[in-house]
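Protein chains: 2
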Amino acid sequence: MTPAEFRRTVRAGRFRASTAGLCGDFAQANLVVLPHAVSSDFLRFCALNPKACPLLAVGEPGQWALPALGAGIDVRSDLPGYYLYRNGELAQELPSLAEVWQDDLVAFAIGCSFSFEQMLLRAGIALRHVAQHKNVAMYRSQIPNKAAGPFGGQLVVSMRPFRAADAIRAIQISSRFPAVHGAPVHFGDPALIGIGDLQRPDYGDAVEVLPDETPVFWACGVTPQEAIRSARLPLAIAHKPGHMLITDIPNERLAVF
Amino acid sequence: MTPAEFRRTVRAGRFRASTAGLCGDFAQANLVVLPHAVSSDFLRFCALNPKACPLLAVGEPGQWALPALGAGIDVRSDLPGYYLYRNGELAQELPSLAEVWQDDLVAFAIGCSFSFEQMLLRAGIALRHVAQHKNVAMYRSQIPNKAAGPFGGQLVVSMRPFRAADAIRAIQISSRFPAVHGAPVHFGDPALIGIGDLQRPDYGDAVEVLPDETPVFWACGVTPQEAIRSARLPLAIAHKPGHMLITDIPNERLAVF
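First to last, the protein sequences are chains D and F. So in the working numbering, the last spot in the first sequence is 257, and the numbers never skip. So in the working numbering, the last spot in the second sequence is 257, and the numbers never skip.
Source of the hints: derived by calculation from the structure; they are not laboratory data. Hints are not guaranteed to be accurate.
No distinction is drawn between identical chains; accordingly, a pair holds when it is met within one copy or between any pair of copies.
[To be verified] Taking lysine to any residue pairs in the SDA-like style, the calculated list, with each CA pair at most 20 Å apart, reads:
#  : residue 1 : residue 2
1  : LYS51     : ARG163
2  : LYS51     : ILE193
3  : LYS146    : GLY13
4  : LYS51     : SER77
5  : LYS146    : ALA126
6  : LYS51     : ALA123
7  : LYS51     : ILE173
8  : LYS51     : GLN172
9  : LYS146    : TYR83
10 : LYS146    : ARG176
11 : LYS146    : ALA165
12 : LYS51     : ALA206
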């Protein structure tokens, strides 16, 4: 299935699950939708926190298209799940934004680690959550984001367990892809970045870490949702974690060397 | 001091210590000197174990010069210490090879991690053994080398402790330098590669690993000395660990990207 065909399937309401491992050659994106009044602050937040918020595209105010990422994309309907926040609290999970779209909304697409996951799989590095058909495990760390206007909060990280040799290779491979979070921010003891219990992720699904494995942590595109919580805006929208926009951009086009 | 000046100082017998941190912009090299009869086997050993034995230069049979690494190099006198092996046992530590050189000897220069250490220091990453004016800690692992002719033995690794963020950066930086061992081969639990006690290195000096640090292990150019031991040759020569040949090759020239 091509990304365009997949988006049509989602738009028709026939897919509502995690997009991990789907259309693997193409970049997936985190979505943030905010009122135009705070878009300048949010763009500054992205610039200050580039590992968590590598911007792939920004829509025109009021427009649901993101032509830079694919012809015909409609961010109101092409993701398999949405979170709607009111006053910083998750108020509703939505299958579409058709009913809540407003003329002053701006869409932001942010790179997603699913892109480098595909490169890891191609390099023969197994990913437990993909093998087990789970969403990746994500945690709210105690690493503070750099604040911009009302946006702050803590860095969210995604975690994948590896044996050391695979972790070293994963660091090399993900370093090639700064547009999708790049190299990890941490590995080893989760307590050093303020994570108490790996078996209790804040988003996504837990996976086992075997005795000869190390948990490796990447900055995660769910971080803006922590920034949205901290901003307590009357209205803010994001994708449901793991339920991404699949774009027409080949992952390999995002490689820097 | 230039590398040529440093080599003259050593040749005059005025320097007999570890070369860690000296002439930092220039590549240092591990030395192996073997009878011509086994040089083909040893070259094959290097080809089979490129992370431990990245060849920088090979001398002509009987010649002590290595013109590819610097004008006027004399491998008999330009290193601050030598180990002489007989039947696979360390028989003698020598300040010079003048008395033991033979017409059938071949010199091999192998890349040394001191090159990427300089790049780590430039990137603001502290190295404990350098700060403490120690030789780097080296361990005989249980990772078997790929054998060629009489040469086998286990991989020797050098260890540097880092916090995770610095370890990730060190993996990125050392990956640029395959000619000087490249990326690490392991990090974390030393027992997973058969190292029992980090405080008892097989070569060099122990350094402390702090509670928030991870030991990171690189393939080491002392590995050929384990191969020499396993080969039980009547005569074999190597540098004294940490006491390297300083070449005229700028480290930056060894970078692959």
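Open item on the list: With identical chains, the pair LYS51 and ARG163 could be close in the same copy or across copies; at 20 Å between alpha carbons, which is it: within, between, both, or neither?
Closed with: Classified as between; 19 Å across copies, 24 Å inside a copy.
Task: LYS146 and TYR83: within-copy, between-copy, both or neither at 20 Å Cα - done: Neither: 23 Å inside a chain and 54 Å across chains, both beyond 20 Å.
TODO: Measure nothing new, just compare the shortest in-copy and cross-copy C-alpha distances for LYS146 and GLY13 to 20 Å and report within, between, both or neither.
DONE: neither (37 Å within a copy, 56 Å between copies)
Task: Intra- versus inter-copy proximity for SER77 and LYS51 (alpha-carbon distance at most 20 Å) - done: neither (27 Å within a copy, 50 Å between copies)
Task: Within, between, both or neither: LYS146, ALA126 at alpha-carbon 20 Å - done: For LYS146 and ALA126, neither the intra-copy (33 Å) nor the inter-copy (26 Å) Cα distance is at most 20 Å.
TODO: Measure nothing new, just compare the shortest in-copy and cross-copy C-alpha distances for LYS51 and ILE193 to 20 Å and report within, between, both or neither.
DONE: Within. Shortest intra-copy distance 16 Å satisfies the 20 Å Cα cut-off; inter-copy 32 Å does not.
TODO: Can you give me the call for LYS146 and ALA165, within, between, both or neither, at a CA distance of at most 20 Å?
DONE: Result: close only across copies, 18 Å inter versus 33 Å intra.
- [ ] With 20 Å as the alpha-carbon cut-off, assign the pair LYS51 and ALA123 to within, between, both or neither.
- [x] The answer is between: 19 Å across copies meets 20 Å, while 23 Å in one copy does not.
Open item on the list: With identical chains, the pair LYS51 and ALA206 could be close in the same copy or across copies; at 20 Å between alpha carbons, which is it: within, between, both, or neither?
Closed with: Close neither inside one copy (23 Å) nor across copies (36 Å); limit 20 Å.
TODO: Up to 20 Å between alpha-carbons, please classify LYS51 paired with GLN172: within, between, both or neither.
DONE: both (16 Å within a copy, 16 Å between copies)
TODO: Could you place LYS51 and ILE173 in one of the four classes (within, between, both, neither) given a Cα distance threshold of 20 Å?
DONE: both (15 Å within a copy, 18 Å between copies)
- [ ] Up to 20 Å between alpha-carbons, please classify LYS146 paired with ARG176: within, between, both or neither.
- [x] Classified as neither; 24 Å inside a copy, 30 Å across copies.
In summary, the numbered hints that this structure violates are 3, 4, 5, 9, 10, 12.
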